[in-house]
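Read off the chains here:
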Amino acid sequence: MVAAETVIEEQVVYARPESLRDVPTHYCPGCTHGIAHRLVAEVLDELGVRSRTIGVSPVGCAVFAYKYFNTDGCEAAHGRAPAMATGIKRVNPSAVVFTYQGDGDLAAIGTAEIIHVASRGENITTIFINNAIYGMTGGQMAPTTLPGQYTKSSPGGRDVELTGFPMRMAELLGTMPGAAYVTRRSLHNVKEINKAKKAIRTAFKVQLAGLGFAMVELLSACPTNWGLSVPEAIQWIEDVMVPYYPLGDTKVADGVDALMKER
Amino acid sequence: MAVELLKGNVALAEAAIRAGVEAYFGYPITPQTELLEHMAKRMPELGRAFIQAESELASINMVYGAACAGARAMTSSSSPGISLMQEGFSYIAGSEVPAVVVDVMRGGPGLGNIQPSQSDYFQVTRSAGHGDYHAIVLAPASVQEAIDLMVLAFDLADKYRHLVFVVADGLLGQMMEPAELPPMRPLRSERPDWALTGARGREPRIITSLELDAPALEEVNKRLQAKLRVIEEHEQRYAEQMVEDARLVVVGYGTAGRIAQTAVKQARREGMKVGLFRPISLWPFPERRLSRLADRVDAFLVVEMNAGQMLDDVKLAAGGQVPVDFYGRMGGMVPVPEEIYQAIEGLYAKLPGSLS
Ligand SMILES: Cc1ncc(C[n+]2csc(CCOP(=O)(O)OP(=O)(O)O)c2C)c(N)n1
Ligand code: SF4
Ligand SMILES: [Mg+2]
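Here the protein sequences line up with chains S and H, keeping their order. Residues in the first sequence are numbered consecutively from 1, following the working numbering. Residues in the second sequence are numbered consecutively from 264, following the working numbering.
No wet-lab data here; the hints were simulated from the structure. Worth double-checking, as some hints may not be accurate.
The following label-pair restraints were derived from C-beta to C-beta distances [claimed, not checked]:
no., chain 1, residue 1, chain 2, residue 2, range
1, H, 502, S, 163, 37 to 47 Å
2, H, 385, S, 231, 52 to 62 Å
3, H, 421, S, 161, 49 to 59 Å
4, S, 45, H, 481, 37 to 47 Å
5, S, 23, H, 558, 54 to 64 Å
6, H, 479, S, 239, 38 to 48 Å
7, H, 502, S, 34, 39 to 49 Å
8, S, 47, H, 597, 41 to 51 Å
9, H, 479, S, 231, 31 to 41 Å
If you want the footprint, here are the derived chain H segments under chain S, 3+ residues with CB under 8 Å [stated by the list, open to error]:
no., region
10, 327-339
11, 343-356
12, 495-504
13, 567-578
Note that the structure is predicted; figures quoted are calculated from it, not measured. The C-beta atom is built at its ideal place from N, Cα and C for all residues, glycine as well.
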């Protein structure tokens, strides 16, 4: 007896984007930096801009982002990625330039640089990972750390009387006239991840259209330094972060809504 | 090109433009502001990049970015602004990209004042950022030399993929002198083969100063040091006058060197065998020539507009063979030739065999 053979044609439904290198990353299990990387890479692929993209890595857990993105890349000093990106973009306006920064990088040491890149309306895209903590240095308080949140440098929980209040960067930067598109998204479930990708896509399209500065803030998990399991950490984003950091656009300049509607 | 009357700061700016600078990023500070202002007008006119940045920290990191993209980039500032740029200097040196920085030095420490000074000698030659390296440092003494060294600065930066300083002081920045600018060089048509331009048809390029593996970082440092040894070998620059038969050689750079020249000439008129040695590259310090002079002179007199910083380098070059004396003014005070003359006279009288 000869068994009947059915040949099922292989269909690739999920593959590594070309803009992401085939290398292991150093991120902890359950860290959402990896998801953010993948979304950016998918968008670069879809827009067909990988070979003219220059990424600027931060100092923070994403310090090696240049090893993971399959694009030209460089490593900025802590907080200075927007200044570095400005230098790159001004001498190479046809390049697609993006910074990828954490909350310590962008909202503490690099506050001046991010505000002024937005104020100048610099044609770059910023991916901002808000994980409410300094991940790389082992879990100290960030400007985005929530009231009462325990960190290594707020061991009794963040006391707003002593340390002030968490900074809402998307709202702050949304007020800058030079910013074309500023939004906050989250990476805590599939629906939000899909929305985050759309936002990242818009942010790069804004750059391609020359409309000005674009930033996507992404609420992210750091299970390692939050001292939570991965499911707990994901839940914590939804329960604790989202109420303080409302999701949605804080700036949509003229011309951007048209880009958002395009497929 | 014709000789014209040019202000030091403007001459530096225009020389950089002629040398092919593609991007300038800066922040206002006296006494270098005219340089930034000249760039503000000229760079956009020529379709090149100009930004008045939010700080010197941002300026130098913009320079770093533009340099990574393969453009000839520069910034300029004065002492307090140079302090703020230290972080960027280190990253630029560590990732081996070319960049040019002008420091029109003023009196310090702290906010100090806006008068001419040379008090950044240590900062630019020794500690322009953390880590093991020296930047190339060029010190002009006239507006013409400022122009010539500005052009050279870009060529050296490119040649060695390294950080190059042109250091002047407020006096040189502010004074007007007849000088000749070079012809306009065409901009480079292509970016260098290491630059970040987008990975079209090639493997991605990475520019970083990060290397977590200690043995690998030691190798990076060894390579950097080897480059610096080559620079030391080939780029020692100086000017000298009347040193052939000199018993006493005055050593001074920039404005101090120029003022010392007047004093040295006066001493010659008075029959003293005095010469002048003026370092043009502060790093690499022209120690080879100076130590040869040390073999045959009786003493050195170092003149600086600071508390004695290059003095250390002169002592090293002299190698303990001859006494090294010092005369300096601080806090934005500029010596007049007469005071230097008196220092020469005083030291000369003490030389062995002198009648005094
Ligand atoms: C000038 C300077 N200061 C401090 C540090 C140490 N440092 C490295 S990463 C980091 C915090 C990064 O936190 P964040 O930007 O939130 O990124 P995350 O690791 O959370 O992704 C700090 C303080 C440094 N590298 N450079
Ligand atoms: S420390 Fe936190 S942010 Fe860093 S890789 Fe681990 S989980 Fe991610
Ligand atoms: Mg963080």
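### Message
Please list, smallest to largest, the hint numbers that this structure does not respect.
### Response
1, 7, 8, 12 and 13
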